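Asks: If you count the sequence shown from 1, position 57 lands on 57 in the working numbering, and the numbers rise without skipping.
Bear in mind the hints are in silico, worked out from the structure with no lab data behind them. Worth double-checking, as some hints may not be accurate.
[Unchecked claim] Pairwise CB distance ranges (calculated):
(1) Gly103 to Ile150: 34 to 44 Å
(2) Tyr131 to Ser97: 25 to 35 Å
(3) Gly103 to Asp55: 12 to 22 Å
(4) Gly29 to Glu145: 33 to 43 Å
(5) Asp142 to Gly116: 14 to 24 Å
(6) Gly127 to Gln12: 38 to 48 Å
Computed from a predicted structure; not experimentally measured. Using N, Cα and C, we set each Cβ at its ideal position, and we do this for glycine too.
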Amino acid sequence: MAKEKGRKLIAQNKKARHDYLIIDTYEAGLVLTGTEVKSLRQGRASLVDGFVQLDGNEAWLYNVHVPEYTQGTWTNHSARRKRKLLLHRAEIDKLESKTGETGHTIVPLALYFKDGRAKVEIALAKGKKEYDKRQALREKQDRRETDRAIAAVKRRQRGA
1 MAKEKGRKLI AQNKKARHDY LIIDTYEAGL VLTGTEVKSL RQGRASLVDG
51 FVQLDGNEAW LYNVHVPEYT QGTWTNHSAR RKRKLLLHRA EIDKLESKTG
101 ETGHTIVPLA LYFKDGRAKV EIALAKGKKE YDKRQALREK QDRRETDRAI
151 AAVKRRQRGA
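Can you make the complete structure from the sequences, with help from the hints?
Replies: Have a look at this one:
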């Protein structure tokens, strides 16, 4: 059997990029049971309510929903159990010092397989205020409108 290469996305937390200002991102491994891996291979997971908490010298992922494996037996996992993250000591120390500051938190952005191993992309983030969210939406709309206008001008130039 050939070893799989590349990155295969399982789940993404798009709301996190809207609700938080992303300061720094990290890639962490996950400690999973067999049925969790099989369920993830079917492409089933949700990061919506997920968050990371540092406990002593370890990082834990909470509230990530990995549904039970359909063909699983009594060995099946619970859907919302806490899962250990595999990070380097320096990364954990850095995250711990940054989350001590007010308003900073750690959120999962994406869950994926990289070269056959389950990984989660986590981000050190700061919560956005309501007006920041509105301003970001306005900037996105303005950017989209200018792109459309430029594309229309280019189409007219090609046609003429």
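Asks: Run every hint past the structure and note whether it holds.
Replies: Each hint, compared with the structure:
Remark: the range hint 34 to 44 Å for Gly103 to Ile150 is upheld by a beta-carbon distance near 37 Å. Separation of Tyr131 from Ser97 is about 29 Å and conforms to the stated range, judged on CB atoms against 25 to 35 Å. In this structure, Gly103 and Asp55 meet the distance hint of 12 to 22 Å, their C-beta atoms being roughly 21 Å apart. Taking 33 to 43 Å as the suggested C-beta distance range, the pair Gly29 and Glu145 conforms, at roughly 42 Å.
For the pair Asp142 and Gly116, the beta carbons lie near 42 Å from each other, so the given range of 14 to 24 Å is not met. Under the hint 38 to 48 Å, the C-beta atoms of Gly127 and Gln12, about 19 Å apart, miss the expected range.
Checked against the numbered hints listed earlier, the structure breaks hints 5 and 6; every other hint is satisfied.
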